[in-house]
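Here are the chains, one letter per residue:
Number of protein chains: 2
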Amino acid sequence: MSKRQLLLLSSSNYHGHEYLQFAKDWITDFLNKNNVKKVLFIPFASTKPNSFDEYTAKVAAPFNQFGFDVEGIHKFPDPVEAVNNAQAIFIGGGNTFLLLKSLYDKRLIDPIRSRVENGMPYIGSSAGTNVSTVSINTTNDMPICLPPTFYALQLIGFNINPHYLDPIEGDKHRGETRAERINEFHHINSTNVLGLREGSALLVDDDKATLIGFTSARLFRQNQEPEEFSPNSDMSFLLS
Amino acid sequence: MSKRQLLLLSSSNYHGHEYLQFAKDWITDFLNKNNVKKVLFIPFASTKPNSFDEYTAKVAAPFNQFGFDVEGIHKFPDPVEAVNNAQAIFIGGGNTFLLLKSLYDKRLIDPIRSRVENGMPYIGSSAGTNVSTVSINTTNDMPICLPPTFYALQLIGFNINPHYLDPIEGDKHRGETRAERINEFHHINSTNVLGLREGSALLVDDDKATLIGFTSARLFRQNQEPEEFSPNSDMSFLLS
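Residue numbers (the working numbering), protein chains in the order written: chain A, 1 to 240; chain B, 1 to 240.
Hint data in this document are derived by calculation from the structure and do not stem from the laboratory.
Glycine included, C-beta positions come from ideal geometry on N, C-alpha and C.
Some clues are possibly wrong.
As a list, the in silico DSBU-like pairs of lysine-lysine whose alpha-carbon atoms are at most 35 angstroms apart [claimed, not checked]:
id: 1; chain 1: B; residue 1: K37; chain 2: A; residue 2: K58
id: 2; chain 1: A; residue 1: K101; chain 2: B; residue 2: K106
id: 3; chain 1: A; residue 1: K33; chain 2: B; residue 2: K24
id: 4; chain 1: A; residue 1: K172; chain 2: B; residue 2: K24
id: 5; chain 1: B; residue 1: K101; chain 2: A; residue 2: K48
id: 6; chain 1: A; residue 1: K172; chain 2: B; residue 2: K58
Restraint ranges, calculated between C-beta atoms of paired labels, are given here [as the list claims (entries may be wrong)]:
id: 7; chain 1: B; residue 1: Y104; chain 2: A; residue 2: D53; range: 36 to 42 angstroms
id: 8; chain 1: B; residue 1: D29; chain 2: A; residue 2: S240; range: 56 to 62 angstroms
id: 9; chain 1: A; residue 1: D53; chain 2: B; residue 2: D29; range: 51 to 57 angstroms
id: 10; chain 1: A; residue 1: K75; chain 2: B; residue 2: Q224; range: 54 to 60 angstroms
id: 11; chain 1: B; residue 1: D78; chain 2: A; residue 2: G170; range: 42 to 48 angstroms
If the Cβ cut is set under 7 angstroms, some of the chain B residues that face chain A in the computed set are [said to hold, decoys possible]:
id: 12; residue: W26
id: 13; residue: I144
id: 14; residue: F150
id: 15; residue: K172
id: 16; residue: L239
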């Protein structure tokens, strides 16, 4: 049985595409090759009150169209048992702080990590990608609540900055650029950070990682110049 | 003696102006009316290693030109004593998480709050404005480190979002807009949030608050439509 199956999307939305449609082939291939029929969806990044049904329905629409069933974890009396019995999980976007706090509050960190280490496929998007990494220290989200720690699922040994954004030429705004923010992180932390632009994803098959999608990615390493990687680049070196 | 003297700048940089020059008259009037000759500068938002001297020199240049002396708090053996003896303090921008963590680590929260409550003038900019409010839950910064809590100096009873940014027409990026992020905060928190655009500031004189500067501000209240306020608006209602 193959180990560690991850599909980490920068975002669920990509300009010019309906929700998750740009990732149709990736999701379909990823789940089919792992013989998955049904996906456990984790909607805890949603900040809207009582929105888990709505969010799950939004995700189920494209997944059903791709040929997969979706169940929301909030429908199960015991979320840990739901994870333990899942064929695969998908953690969607929203607020990364709220998501990570919810995963800790519901004691889901260890069960998810353990299942993924033993081969359960994991799909993440945006906040769901952030929590799959070492820590949420490189999220773009507003810190609307305080999780017990910023350390996350650590399914991979580096961080991802989803929705990575290049500086806008001639911008008059004086807030920090995304690259400057990641540079601030590297002033006090040595963890590598992969800037994943919208429309791209990282596909991890055991110890092999591949950049897939429509856009290149930018890798930030402490005390080094950032480096660009084209779609289909082998990124396995980041895993070791 | 007058109580609570605050000058809270959205940013130190404003398009088309040298560092802090757009705020020259505000800073000068604010310090002169409070008979301040020397300002204690707190550079702890800087993420760059060993950068406190450099940052203090950068701030001292315009302040000296405006007629005020500047000393960096890092030069004092006891930072609490430095705060207790200061005529006024200025907390500059950088990373809000690192700044708040440093203020807690150095046990400066209570001394600063106590001095300000007893009339010591406080100037904040960007991260220095964030920490003057109820909490840093509405900062734009990357969470590069974890402070013990997101609660801050609470010199005022609401939050500020500095560098407030309007959505960019036709933007193809699918990350959340600033307004959407503040809306997420209001899904789980009822604290008012004042979106201060670059080039503006809030001037607080005891129980009177006035919006000053070149740009209007946008006020976000839970379950209400956002409201715009022009420069020179009386914002005292936010203090009560």
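Exercise. State, for the Cβ atoms of B:D78 and A:G170, whether the hinted interval 42 to 48 angstroms holds or is violated.
Key: Because 47 angstroms falls inside the window, the suggested range holds.
Exercise. For the hint on B:W26, just tell me whether its beta-carbon gets within less than 7 angstroms of chain A.
Key: violated (17 angstroms)
Quiz item: Is the interface hint for B:F150 satisfied, with its Cβ closer than 7 angstroms to some Cβ of chain A?
Solution: Holds, about 5 angstroms.
Practice problem: With a cut-off of 35 angstroms on the C-alpha distance, tell me whether A:K33 and B:K24 pass. | Solution: violated (64 angstroms)
Practice problem: Return holds or violated for the Cβ distance of B:Y104 and A:D53 against the range 36 to 42 angstroms. | Solution: Cβ of B:Y104 to Cβ of A:D53: about 40 angstroms, so the range 36 to 42 angstroms holds.
Quiz item: Holds or violated: are the alpha carbons of A:K101 and B:K106 at most 35 angstroms from each other?
Solution: Given that 35 angstroms is the threshold and the Cα spacing comes to 27 angstroms, the pair holds.
Quiz item: Is the hinted pair B:K37 and A:K58 satisfied, with a Cα-Cα distance of at most 35 angstroms?
Solution: Judged against 35 angstroms, a Cα distance of about 60 angstroms means the pair is violated.
Quiz item: Is B:K101 close enough to A:K48, meaning Cα to Cα at most 35 angstroms?
Solution: holds (29 angstroms)
Quiz prompt | Interface hint compliance - B:L239 to chain A, C-beta minimum distance less than 7 angstroms | solution = The hint is violated - B:L239 has no Cβ within 7 angstroms of chain A, the shortest such distance being about 23 angstroms.
Quiz item: So the hint says 56 to 62 angstroms: do the beta-carbon atoms of B:D29 and A:S240 match that?
Solution: With Cβ atoms ~59 angstroms apart, the hint holds.
Quiz prompt | Satisfaction of hint between B:K24 and A:K172, Cα-Cα up to 35 angstroms | solution = holds (20 angstroms)
Exercise. Determine whether the Cβ-Cβ distance between A:D53 and B:D29 falls within the hinted range of 51 to 57 angstroms.
Key: Since the Cβ atoms of A:D53 and B:D29 sit about 55 angstroms apart, the hinted range of 51 to 57 angstroms holds.
In terms of the numbered hints stated before, the structure departs from hints 1, 3, 10, 12, 16, listed from lowest to highest.
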